[in-house]
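J.: Residue numbers (this note's numbering), protein chains in the order written: chain A, 1 to 100; chain B, 1 to 165.
In short, the hints are calculated from the structure, not lab data.
Note that beta-carbon positions come from the ideal geometry of N, C-alpha and C, so glycine has one too.
Mixed in with the good hints, there may be bad ones.
To be verified - One side only, chain B facing chain A, incomplete, derived with CB under 7 angstroms:
id: 1; residue: Leu34
id: 2; residue: Val60
id: 3; residue: Ser135
Spelled out from the first residue to the last, the chains are:
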Amino acid sequence: MDSTSFVALLSAVLFTIGVLGVLLRRSALLIFMSVELMLNAANLAFVAFAHRWAQLSGQVIVFFVMAVAAAEVAVGLALIVTIFRTKRSTNVDDLSALRG
Amino acid sequence: MTDLPLLIILGAISIASALGLLLSRNAIYAALFLVLNFGVGAVIYLVLNAPFIAVVQVSVYAGAIMVLFLFVIMLLGAERLSPAENPPGIPLQRPLAIALGAALFGLALYVLFARQPPATPSPMVDSSPAAVGQSLFSTYVFPFEVVSILLLVAMVGAVVLTRNK
Chain A
1 MDSTSFVALL
11 SAVLFTIGVL
21 GVLLRRSALL
31 IFMSVELMLN
41 AANLAFVAFA
51 HRWAQLSGQV
61 IVFFVMAVAA
71 AEVAVGLALI
81 VTIFRTKRST
91 NVDDLSALRG
Chain B
1 MTDLPLLIIL
11 GAISIASALG
21 LLLSRNAIYA
31 ALFLVLNFGV
41 GAVIYLVLNA
51 PFIAVVQVSV
61 YAGAIMVLFL
71 FVIMLLGAER
81 LSPAENPPGI
91 PLQRPLAIAL
101 GAALFGLALY
111 VLFARQPPAT
121 PSPMVDSSPA
131 AVGQSLFSTY
141 VFPFEVVSIL
151 LLVAMVGAVV
161 LTRNK
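Bound conformation, chain B alone:
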């Protein structure tokens, strides 16, 4: 595989930015780390022959969703996370969380790598935006319509929730 070195570099940036999100003391910095993570994810999608998903990732995730997050953080003035995050709510919360996270990671590794798949090189599929759109409007047209209703419901719900009475 020729693109493995590129993926290793991108993966290192991705993990570093995720750790930045986990450890940062300022909510704005955490949101910007997440934007970096989504941007790197878009490049990984390009490497994996998914240009449509890469562009949607940049415009929806890194654009719309993270702008919403930054607006809300600044609106609430919640940048400074309380340094008194300790004492945690539950005794032993930190060691328990780390142990459970390690167990989950081990389980994921087992599920992903316990059985090796047959090493047949797959042919390059046509994954241009046109092909994805063709699939979206033929095989998956019903879920597509359901998603449109879901977005309408979410929009009405957000307006109703934040309306000043």
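Bound-form chain A, shown alone:
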């Protein structure tokens, strides 16, 4: 197994752990952190394949992913703070106002 395959495998494992975090945890903050873990796993695969094929494009894409992740975190955390002001909770099970 060469290093590219190993990093691709590591990226798959980290992405799966992130998915499990989104599916299993109930705190909105923990779910958000798991999403960051998944983004990071995808970045890892991008850099590994950029290294393997000697392309710079993979690294540039990772740069864009990081910029979008920063924007997403700013807005997402603002939403969580706003929801906390009205609901007094970050548990996603408490946010059931739209349940039919």
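Guided by the hints, dock chain B onto chain A, whose structure is given.
T.: Quick look at chain B alone, frame taken from chain A:
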């Protein structure tokens, strides 16, 4: 490959810290595990000949984003995650989540390793920050400008959302 042993050690730390994030009972500990994971990721980027991305990872992810997370956790006083995470919202949530996660992992393994790529050793590309910047401001200049507008919109949105009326 000479850097495979190093990558195996880094990968073990990375997976352990991700599991710590998944299993920890305190949101602060979870955030610190995630910082460790991002730091290890930066070292992996260095091993993979991507120094610019490694530094951006430390300053943006492990620095800015995780500081924001820690601020919000402490601001809301949400460190203690409710121990009553069970009963889950949906019946059978835990076994279903684990089964779906395993299916996703199997699918990812199939996509990544079903076809072996041709084993041609690629030449070392010049991936210095100067080369990345050259690419960013020539080939990718339009997405770069779009990202600047996106960051401005996100900043205004965050200010508007959290403003006290």
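J.: Determine for every hint whether it applies to the structure shown.
T.: Tested hints:
1. Leu34: Nearest chain A Cβ about 5 angstroms off; hint holds.
2. Val60: 5 angstroms, holds
3. Ser135: 5 angstroms, holds
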